[in-house]
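*Asks:* FYI, the numbering for the sequence shown is 9 to 88, going by the working numbering.
Misleading hints may appear alongside valid ones.
In silico lysine to any residue, SDA-like type, Cα no more than 20 Å apart, as pairs [as the list claims (entries may be wrong)]:
{"id": "1", "residue 1": "K48", "residue 2": "A64"}
{"id": "2", "residue 1": "K48", "residue 2": "R58"}
{"id": "3", "residue 1": "K37", "residue 2": "R49"}
{"id": "4", "residue 1": "K48", "residue 2": "Q66"}
{"id": "5", "residue 1": "K37", "residue 2": "T55"}
{"id": "6", "residue 1": "K48", "residue 2": "R69"}
{"id": "7", "residue 1": "K37", "residue 2": "R58"}
{"id": "8", "residue 1": "K37", "residue 2": "G50"}
{"id": "9", "residue 1": "K48", "residue 2": "L71"}
{"id": "10", "residue 1": "K48", "residue 2": "A24"}
{"id": "11", "residue 1": "K48", "residue 2": "Q67"}
{"id": "12", "residue 1": "K48", "residue 2": "G18"}
{"id": "13", "residue 1": "K48", "residue 2": "A22"}
{"id": "14", "residue 1": "K48", "residue 2": "V30"}
{"id": "15", "residue 1": "K37", "residue 2": "L26"}
Pairwise CB distance ranges, derived in the manner of DEER restraints [stated by the list, open to error]:
{"id": "16", "residue 1": "E20", "residue 2": "V68", "range": "32 to 38 Å"}
{"id": "17", "residue 1": "L38", "residue 2": "L71", "range": "40 to 46 Å"}
{"id": "18", "residue 1": "S43", "residue 2": "E72", "range": "38 to 44 Å"}
Worth flagging that the hints you see were computed from the coordinates, not collected in a lab. Cβ coordinates follow ideal geometry from the N, Cα and C atoms, glycine included.
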Amino acid sequence: MAGKSQKTVGFEAAMAELEQIVSDMEAGKLSLEDSLAAYKRGAELLTFCRSRLEDAQQQVRVLEDGVLKDFSASGETGTN
């Protein structure tokens, strides 16, 4: 964990780092001290990712003028 920047580049980078932390902790690769530091960093990353997702959701709402439209998986365009 040492040397990791506390500033996150973006959502994808934060998710990748979070996944690595979870993997390392589940594998038991970390000492107690490193586990505590990893847990703290993971909590920071989780907060960051949730915030970015909420921001994206708000942007979609604004773009859709507050009306979320149903997604048509068939690719229908509404024309006959």
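*Asks:* Now tell me if each hint is right for this structure.
*Replies:* We went through each hint and held it up to the structure:
Distance check on the hinted pair: K48 and A64 sit about 25 Å apart at the alpha-carbon level, beyond 20 Å; violated. Simply put, K48 and R58 have alpha-carbon atoms about 16 Å apart, close enough for the 20 Å limit, and the pair holds. At most 20 Å may separate the alpha-carbon atoms for a hinted pair to count; K37 and R49 meet this at roughly 16 Å. Under the criterion of a C-alpha separation no larger than 20 Å, the hint pairing K48 with Q66 is inconsistent with the structure, at around 27 Å.
For the given pair, K37 sits about 24 Å from T55 by alpha-carbon distance, which is inconsistent with the 20 Å threshold. For a cut-off of 20 Å, the pair hint linking K48 to R69 is broken: about 32 Å separates their Cα positions. Note on K37 and R58: the hinted pairing is violated, with a Cα-Cα distance of about 27 Å set against a maximum of 20 Å. For the hint pairing K37 with G50, the CA-to-CA distance comes to about 15 Å; that is within 20 Å, so the pair holds.
At roughly 35 Å between alpha-carbon atoms, K48 and L71 are farther apart than 20 Å, so this suggested pair is violated. A distance of roughly 16 Å separates the Cα atoms of K48 and A24; the hinted pair therefore holds under the 20 Å criterion. Taking the CA atoms of K48 and Q67, the gap is about 29 Å. The hint is violated against a cut of 20 Å. Under the criterion of a C-alpha separation no larger than 20 Å, the hint pairing K48 with G18 is consistent with the structure, at around 18 Å.
As the CA atoms of K48 and A22 are separated by approximately 14 Å, the hinted pair is consistent with the 20 Å bound. Proximity of K48 to V30 is assessed by CA-CA distance (about 12 Å); at most 20 Å being required, the pair is judged to hold. Note on K37 and L26: the hinted pairing holds, with a Cα-Cα distance of about 15 Å set against a maximum of 20 Å. Roughly 18 Å separates the CB atoms of E20 and V68, a value that falls outside the hinted 32 to 38 Å.
Separated by about 42 Å at the C-beta atoms, L38 and L71 satisfy the suggested range of 40 to 46 Å. Distance hint check for S43 and E72: the Cβ-Cβ separation is about 42 Å, which falls inside the suggested range of 38 to 44 Å.
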